[in-house]
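Please dock the two separately framed chains into a single complex, following the hints provided.
Heads up: the sequence lines are chains C and G, in that order. Heads up: the first sequence begins at 108 in my numbering, then just goes up one per residue. Heads up: the second sequence begins at 20 in my numbering, then just goes up one per residue.
Treat the hints as calculated values from the structure; they're not laboratory data. Keep in mind that a hint or two might mislead.
Claimed, not checked - Facing chain C, according to a computed beta carbon distance under 8 Å, are these residues of chain G, among others:
1) Gly-107
2) Val-108
3) Ile-126
Note that CB positions come from ideal geometry on N, CA and C, so glycine has one too.
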Amino acid sequence: MRGLIALAGAGLVGALASGRPELALIAMPFLVFAGVGLVLAREPRLAVEIELDRTRLLEGSDAMATVRVRNDGGGPVQIEVALLRSRNLTLDPPGAVGILLRAGGHSELAFDVRPQRWGSHAVGPAVVRARDLLGVTTWEGRLGGRADVRAFPREQRLRELVAPLRTQPFLGTHVARVRGEGIEFADIRPFRAGDRVRHINWRATARRGAPQVNDRHPEHSSDVVLLLDTFEEARDRAGGTLDDAVRAAAALARACLARRDRVALVDFGGTLHWLEPAFGATQLYRIIDALLSSDIAFSYAWRNVDSIPLRVLPSGALVLAISPLLDERSLAMVTDLRRRGFDLTVIEVSPLDHASPGESGDDAVAFRLWRLQREAMRARLQSLGIGVAVWARDGDLGPALEGVNRFRRSARPAMRA
Amino acid sequence: MLLAALAALVLADASTASQLAWLGAAVALVFLAIGMALGSASAVHVAVAVLGGIFLLRHDTRLLLAPVYGAGLLLVEDLAIQTIELRGVGVVALDVVGARTAGVLAIATIGAVAAAAGALAVTAAPGRSVALTALGALAAVAAVAVIAWVARRRYGGSE
Numbered sequence: 108m109r110g111l112i113a114l115a116g117a118g119l120v121g122a123l124a125s126g127r128p129e130l131a132l133i134a135m136p137f138l139v140f141a142g143v144g145l146v147l148a149r150e151p152r153l154a155v156e157i158e159l160d161r162t163r164l165l166e167g168s169d170a171m172a173t174v175r176v177r178n179d180g181g182g183p184v185q186i187e188v189a190l191l192r193s194r195n196l197t198l199d200p201p202g203a204v205g206i207l208l209r210a211g212g213h214s215e216l217a218f219d220v221r222p223q224r225w226g227s228h229a230v231g232p233a234v235v236r237a238r239d240l241l242g243v244t245t246w247e248g249r250l251g252g253r254a255d256v257r258a259f260p261r262e263q264r265l266r267e268l269v270a271p272l273r274t275q276p277f278l279g280t281h282v283a284r285v286r287g288e289g290i291e292f293a294d295i296r297p298f299r300a301g302d303r304v305r306h307i308n309w310r311a312t313a314r315r316g317a318p319q320v321n322d323r324h325p326e327h328s329s330d331v332v333l334l335l336d337t338f339e340e341a342r343d344r345a346g347g348t349l350d351d352a353v354r355a356a357a358a359l360a361r362a363c364l365a366r367r368d369r370v371a372l373v374d375f376g377g378t379l380h381w382l383e384p385a386f387g388a389t390q391l392y393r394i395i396d397a398l399l400s401s402d403i404a405f406s407y408a409w410r411n412v413d414s415i416p417l418r419v420l421p422s423g424a425l426v427l428a429i430s431p432l433l434d435e436r437s438l439a440m441v442t443d444l445r446r447r448g449f450d451l452t453v454i455e456v457s458p459l460d461h462a463s464p465g466e467s468g469d470d471a472v473a474f475r476l477w478r479l480q481r482e483a484m485r486a487r488l489q490s491l492g493i494g495v496a497v498w499a500r501d502g503d504l505g506p507a508l509e510g511v512n513r514f515r516r517s518a519r520p521a522m523r524a
Numbered sequence: 020m021l022l023a024a025l026a027a028l029v030l031a032d033a034s035t036a037s038q039l040a041w042l043g044a045a046v047a048l049v050f051l052a053i054g055m056a057l058g059s060a061s062a063v064h065v066a067v068a069v070l071g072g073i074f075l076l077r078h079d080t081r082l083l084l085a086p087v088y089g090a091g092l093l094l095v096e097d098l099a100i101q102t103i104e105l106r107g108v109g110v111v112a113l114d115v116v117g118a119r120t121a122g123v124l125a126i127a128t129i130g131a132v133a134a135a136a137g138a139l140a141v142t143a144a145p146g147r148s149v150a151l152t153a154l155g156a157l158a159a160v161a162a163v164a165v166i167a168w169v170a171r172r173r174y175g176g177s178e
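Okay, chain G solo, but in the shape it has when bound (with noise of 0.2 Å):
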């Protein structure tokens, strides 16, 4: 539902390109079903992936709901991985579920908060250099080869 939700958004202001974004969709829906059926997270990773892409596909507002859409994607992505991990387990305690949902949500806001106040910098921002290009680029591989540092130190080739 969340991730039709999220195709809708997109579809509702695709208009020239509504066949892409109809195609993204499906791509994605089968993708998202493939990866739960047979238990393969990379499916759903892939899924996701497509559905932000096609989010560029909208025509306006673009700026304004791409915190949401990250956050919606983010717990698209959770849900399904979730249900993948527990397909082999027979008993489940709700709190499992509700407390990591629950969490789950909360980082997603945070996250579309901080994605809120980057796109408030977006549009403060003078116009593209290619100083500026390269600041943001350093910063991106900066942010993800720090959390892969800290991800690969504190547990090893583990995930």
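The following block holds chain C by itself, in its conformation from the complex (with noise of 0.2 Å):
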């Protein structure tokens, strides 16, 4: 509008100082067109609404966001319409949408809407700037609310877990190492005062001339505590480890809750958050509602296993610590917890893929040193009997658990010890 105004402006003053009147006569359309879109130029009157047709979906897949535009002023506007989203949410069309909007029109945009990783989401307000027909006047404001979203970790299936040393007394599928009432046939004995008749052996009591009974095992379930390290994390463009725990930690507490274990949360990093031990769906939603809050909170203070409320570390129970290893206090938590008789495992989520060797050689040379490192610290975990899972980016995790199983049949002597 200025600019116009500047124009015509010009043009006049210039046929006035020159003496030429074509110059007027070329600002002429110029003073026209201000003149008549001021004139017709209306405040418009929008409102803006925005919905979401799912609010609830797992990381990667679409959800529809629909905005309802209506004009409620007396003229005509052109208007374009950006959503306002949080960082990790793509939408498409990833720009604004511009549309044409007559006096009591209404118009619905359709944009669809893609976490590109867990948590929670925000879509909206919608930024609006709003223009009279012929563009001289424009309105930009923020309309409409905000709709949220949240975004499930993408889970593998797995197929094979951590067996745990130690069973609790509740009904379970792990077959326990106390002998019972169980299907798992585990021994025979003599018979004793109070044993079921059903219970006898009648081949071995013919053949020892004695009554004899079966022994077995009873299926028990475990505690599983899933911890998860949120002190530090590698991440590039793609994505970064604390992506893939959390990724990790909602497959195993599937997993396990699946099989009736109690599973218990500790989110320990920077800030600490827990959940107790629970059986059953309601406790996976809990689970996944509280990873969905995970992140990394830088804090120079020096956490320990004291630091944990002892109901949320029954004793007994499975500890699967997921963590990249980046951080001392999440090696010496380990070792602490280990050393405290805990049956740990640490499922590592590899920082590797997410750290380039460098370009000169002297990188490439420190980049081998780092990753030796690594490796001798995983060997001095092992050492102390802590079974360790390396988990690479894209990789299954159930191998790595089976590797970790492998582990901890050969060195079960020295873990009970």
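What follows is the structure, given as structure tokens:
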């Protein structure tokens, strides 16, 4: 508008100064345009609503955001609508959408919303820029509310899990080491007063000449504590170790709860959050909800196992520590837990995928040294009886856990000691 | 294309000042390109002003062509500004551009008719005098001042 008036003014002044009326005639359409534009322009009265067809979805899947725009003003307006969004959310179309709304008209714009990462994301409000029909005047503002969408981590289906060393006296799916009522055959022993007749092994009784009964292992559940290390992470453009760690934690929680274990969660980092052990589907939703708010919180505070409430770490629990093993405090904590007698396995979310060896020869040497250091650290943990499953990005967690189970079978005597 | 057509209109009759006309057209083209590339409306205004200035280099029928030339300049200006405004917009409905361009065409036609009436008045007017010049100056300043005052009153500091 200012530019138009300035051009028209320049034309008129030029005409007067030079005595050439042609310049005034050239400026005339600009003057008419500015005048008519101002007369016709009306302040727009717009209403915007933002609605999502789904508020809960898996990361990487799509939801549809519908933006309803209504023009309650007296004249037609050109409108550009762009949606504000969280950092890890992509929209299609990515930029603004331009439409023309007549007086009293309305329109619906559809945006594909895709969360690139798990977490709680927001869509909206809409940034709306409205112009009158001739584009002489422009209004800008933020309209509409904010719609929240929760993206759940995409989980791997786990066929094999880490077998716990100890079980709890609740019905479950693990064959307990103790003997009692169950299906799994354990041993044959002489009949004692109180044994059921149905447990008598008639063949062994006939062979030995005295009543013999079958001993069995009962099926029990175990307590599993998922320890999520949020002290530090390695991150690149494609994502970070925390992203993968949360996916692993969600998959492990689902698998453990499906085999009727009690599962607890400890988010151990700059800030400490926990969920006490519990069974069932409700606990799964609690855990996933808690995981969605996981974040790296920088802190100098030295934390150890004593910071964690005792009721969250039941005696005999299997502790699955999910960590990139980048922070000294995480290492100190896992060794401390092991020394306190916890059955511990570390799932190392490999930070190597997020680091590059560098260009120069020195960088390459440094990178190799760092890898050697990590291998030495892993060997040190294994010497303490801690199974370490290394999980690379895009890899399958199942084979990594199978490796840990192999290690635990061979290291069992040392672990019990 | 419109800019080239307007420049050609000048170059066709610039004769001795053709070099200056070429230079002006080139400068206008460069400013227009810069304005559209960088999203600068000021550069577009400068391009339009330069293009308006070189019109004086024509020898004949200036008064006759000035209204059409002015309307063409208005179209160039608005199309360039539209391009700048829609730079960040991913999807644009066809009627957005269509309705605005039709509106600007209509206004440009009205403006050209008004300018033609002005040209007639200039042709019919008696010789130049101080009083007539003062009256013209007063009318020009008043027109710009009224439009600027209305704009400021209705929309405050914003455009």
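Now for the hints, and whether the structure bears them out:
{"no.": "1", "hint": "Gly-107", "in the structure": "holds, 6 Å"}
{"no.": "2", "hint": "Val-108", "in the structure": "holds, 5 Å"}
{"no.": "3", "hint": "Ile-126", "in the structure": "holds, 5 Å"}
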